[in-house]
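Trainee: Note that the protein sequences, when read in sequence, are chains A and B. The numbering used here applies: residue 1 is where the first sequence begins, and numbers increase by one. The numbering used here applies: residue 1 is where the second sequence begins, and numbers increase by one.
The hints are simulated quantities; they were obtained by calculation from the structure and are not laboratory data. Cβ coordinates follow ideal geometry from the N, Cα and C atoms, glycine included. Be a bit skeptical, because a hint or two may be false.
Calculated pairs, EDC-like style, for lysine to aspartate or glutamate (alpha carbon to alpha carbon, straight line, at most 16 angstroms) [stated by the list, open to error]:
1. B:Lys56 x B:Asp84
2. A:Lys71 x A:Glu52
3. B:Lys37 x B:Asp84
4. A:Lys71 x A:Asp38
5. A:Lys14 x A:Glu59
6. A:Lys70 x A:Glu52
7. B:Lys5 x B:Asp24
8. B:Lys103 x A:Glu79
9. A:Lys71 x A:Glu30
10. B:Lys68 x B:Glu42
11. A:Lys9 x B:Asp31
12. B:Lys71 x B:Asp55
13. B:Lys37 x A:Glu52
14. B:Lys38 x A:Glu101
15. B:Lys103 x A:Asp26
16. A:Lys70 x A:Glu101
17. B:Lys68 x B:Asp55
18. B:Lys68 x B:Asp24
19. B:Lys38 x A:Asp38
20. B:Lys103 x A:Glu59
21. B:Lys115 x B:Asp84
For the chain A half of the interface with chain B, some residues (derived, Cβ under 10 angstroms), not all of them [as the list claims (entries may be wrong)]:
22. Met27
23. Asn28
24. Tyr35
25. Tyr48
26. Gly63
27. Tyr64
28. Lys71
29. Cys91
30. Gly96
31. Gly98
32. Tyr100
33. Tyr103
34. Phe104
35. Pro106
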Amino acid sequence: NAGVTQTPKFRVLKTGQSMTLLCAQDMNHEYMYWYRQDPGMGLRLIHYSVGEGTTAKGEVPDGYNVSRLKKQNFLLGLESAAPSQTSVYFCASSYGTGGYEQYFGPGTRLTVT
Amino acid sequence: DQQVKQNSPSLSVQEGRISILNCDYTNSMFDYFLWYKKYPAEGPTFLISISSIKDKNEDGRFTVFLNKSAKHLSLHIVPSQPGDSAVYFCAATAGDGSGNTGKLIFGQGTTLQVKP
């Protein structure tokens, strides 16, 4: 099992460019999440999905869109990148909620110049 | 408004001693609390969790204590090992009107250094 994988690992964008981050999990998990980590702020939830075909907003959704067309994939899109979106992005998945652990991918380091 | 706070950015302990990492929260609706460990350039990995109906949960060298009246939880690592050196995040989750969606609210993290 690969667990949770993220593509790409690193990316540099110019302001205004667009890109899509791909998250894939092979654990048949229903729940998937996108977080961003910034220095001194922990991880903050951007968007999440409670099942195939569903998406919902988290704490910091502005400037991002997501799609969950297949159960195993969760895509995070930036339509017009801004320097404030420079961050490390983590995808996670889980079997259930409450005390169920979330499995995290290795992260994508994005720099917007 | 930071609902989950880890007020100590860093902690240094000697190998073999106890490490105590603290976490405070403000939302009384949180029903599960989790601790994650993160090494540089890797994703967080789950360590241990506790339900709000319990006050203690133990897993090997790791014990989490929950004091609901003080809205405080702590992670104890005994004995501490150099391999425990990492960033530790406290996180909490709560149900909403349609149930618990698993959304985690994270603290800022505490960097633990265990010296040999």
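Trainee: Now tell me if each hint is right for this structure.
Mentor: Hints, one by one, checked against the model:
1. Of the pairs offered as hints, the one joining Lys56 (chain B) and Asp84 (chain B) is violated, with about 21 angstroms between alpha carbons and a cut-off of 16 angstroms exceeded.
2. At most 16 angstroms may separate the alpha-carbon atoms for a hinted pair to count; Lys71 (chain A) and Glu52 (chain A) meet this at roughly 5 angstroms.
3. Between Lys37 (chain B) and Asp84 (chain B) the alpha-carbon distance is near 9 angstroms, which keeps this suggested pair within the 16 angstroms criterion.
4. Restraint check: the Cα-Cα separation between Lys71 (chain A) and Asp38 (chain A) comes to about 28 angstroms, which exceeds 16 angstroms; the hinted pair is violated.
5. Proximity of Lys14 (chain A) to Glu59 (chain A) is assessed by CA-CA distance (about 25 angstroms); at most 16 angstroms being required, the pair is judged violated.
6. For a cut-off of 16 angstroms, the pair hint linking Lys70 (chain A) to Glu52 (chain A) stands: about 6 angstroms separates their Cα positions.
7. Pair hint Lys5 (chain B) plus Asp24 (chain B) holds up; C-alpha atoms about 5 angstroms apart against a cutoff of 16 angstroms.
8. Among the hinted pairs, Lys103 (chain B) with Glu79 (chain A) is inconsistent with the structure: their alpha-carbon atoms are about 24 angstroms apart, more than 16 angstroms.
9. Of the supplied pair hints, the one linking Lys71 (chain A) and Glu30 (chain A) holds, its CA atoms being roughly 7 angstroms apart against a limit of 16 angstroms.
10. A C-alpha spacing of about 32 angstroms is found between Lys68 (chain B) and Glu42 (chain B), which places the hinted pair above 16 angstroms, so the restraint is violated.
11. Between the alpha carbons of Lys9 (chain A) and Asp31 (chain B) the distance comes to roughly 34 angstroms, so the proposed pair goes past 16 angstroms and is violated.
12. For a cut-off of 16 angstroms, the pair hint linking Lys71 (chain B) to Asp55 (chain B) stands: about 11 angstroms separates their Cα positions.
13. Note on Lys37 (chain B) and Glu52 (chain A): the hinted pairing is violated, with a Cα-Cα distance of about 29 angstroms set against a maximum of 16 angstroms.
14. Under the criterion of a C-alpha separation no larger than 16 angstroms, the hint pairing Lys38 (chain B) with Glu101 (chain A) is consistent with the structure, at around 14 angstroms.
15. For the given pair, Lys103 (chain B) sits about 21 angstroms from Asp26 (chain A) by alpha-carbon distance, which is inconsistent with the 16 angstroms threshold.
16. For the hint pairing Lys70 (chain A) with Glu101 (chain A), the CA-to-CA distance comes to about 21 angstroms; that exceeds 16 angstroms, so the pair is violated.
17. About 8 angstroms separates the Cα atoms of Lys68 (chain B) and Asp55 (chain B), which keeps this hinted pair within 16 angstroms; it holds.
18. In summary, the hint linking Lys68 (chain B) to Asp24 (chain B) is supported, as the alpha carbons are separated by about 10 angstroms, within the 16 angstroms threshold.
19. Restraint check: the Cα-Cα separation between Lys38 (chain B) and Asp38 (chain A) comes to about 14 angstroms, which is no more than 16 angstroms; the hinted pair holds.
20. For a cut-off of 16 angstroms, the pair hint linking Lys103 (chain B) to Glu59 (chain A) stands: about 9 angstroms separates their Cα positions.
21. A hinted pair counts as satisfied when its Cα atoms are at most 16 angstroms apart, and Lys115 (chain B) with Asp84 (chain B) qualifies at roughly 10 angstroms.
22. The criterion of a C-beta within 10 angstroms of any C-beta in chain B is not met by Met27 (chain A), whose closest approach is roughly 13 angstroms, and the hint is violated.
23. For Asn28 (chain A), the shortest C-beta to C-beta distance to chain B is roughly 16 angstroms, which exceeds 10 angstroms, and the interface hint is violated.
24. Given hint, Tyr35 (chain A) at the interface with chain B, holds; its Cβ is 8 angstroms from that chain's nearest Cβ, closer than 10 angstroms.
25. Nearest Cβ of chain B to the Cβ of Tyr48 (chain A): about 6 angstroms, under the 10 angstroms cut. The hint holds.
26. Checking Gly63 (chain A) against chain B by beta carbon gives a least distance of about 19 angstroms; that is not within 10 angstroms, so the hint is violated.
27. Checking Tyr64 (chain A) against chain B by beta carbon gives a least distance of about 15 angstroms; that is not within 10 angstroms, so the hint is violated.
28. For the restraint placing Lys71 (chain A) at the interface with chain B, the shortest Cβ-Cβ distance is roughly 16 angstroms, beyond the 10 angstroms limit, so the hint is violated.
29. For Cys91 (chain A), the interface hint holds, the least distance from its beta-carbon to any beta-carbon of chain B being 8 angstroms, beneath 10 angstroms.
30. For the restraint placing Gly96 (chain A) at the interface with chain B, the shortest Cβ-Cβ distance is roughly 7 angstroms, inside the 10 angstroms limit, so the hint holds.
31. Using the Cβ-Cβ criterion of 10 angstroms, the hint placing Gly98 (chain A) at the interface with chain B is satisfied: the shortest such distance is roughly 5 angstroms.
32. Given hint, Tyr100 (chain A) at the interface with chain B, holds; its Cβ is 7 angstroms from that chain's nearest Cβ, closer than 10 angstroms.
33. Look at Tyr103 (chain A): its Cβ gets to within about 8 angstroms of chain B, closer than 10 angstroms, so that hint holds up.
34. Against a cut-off of 10 angstroms between C-beta atoms, the interface hint on Phe104 (chain A) holds, since the closest Cβ of chain B lies about 3 angstroms away.
35. Because the smallest distance between the Cβ of Pro106 (chain A) and any Cβ of chain B comes to about 5 angstroms, under 10 angstroms, the interface hint for this residue holds.
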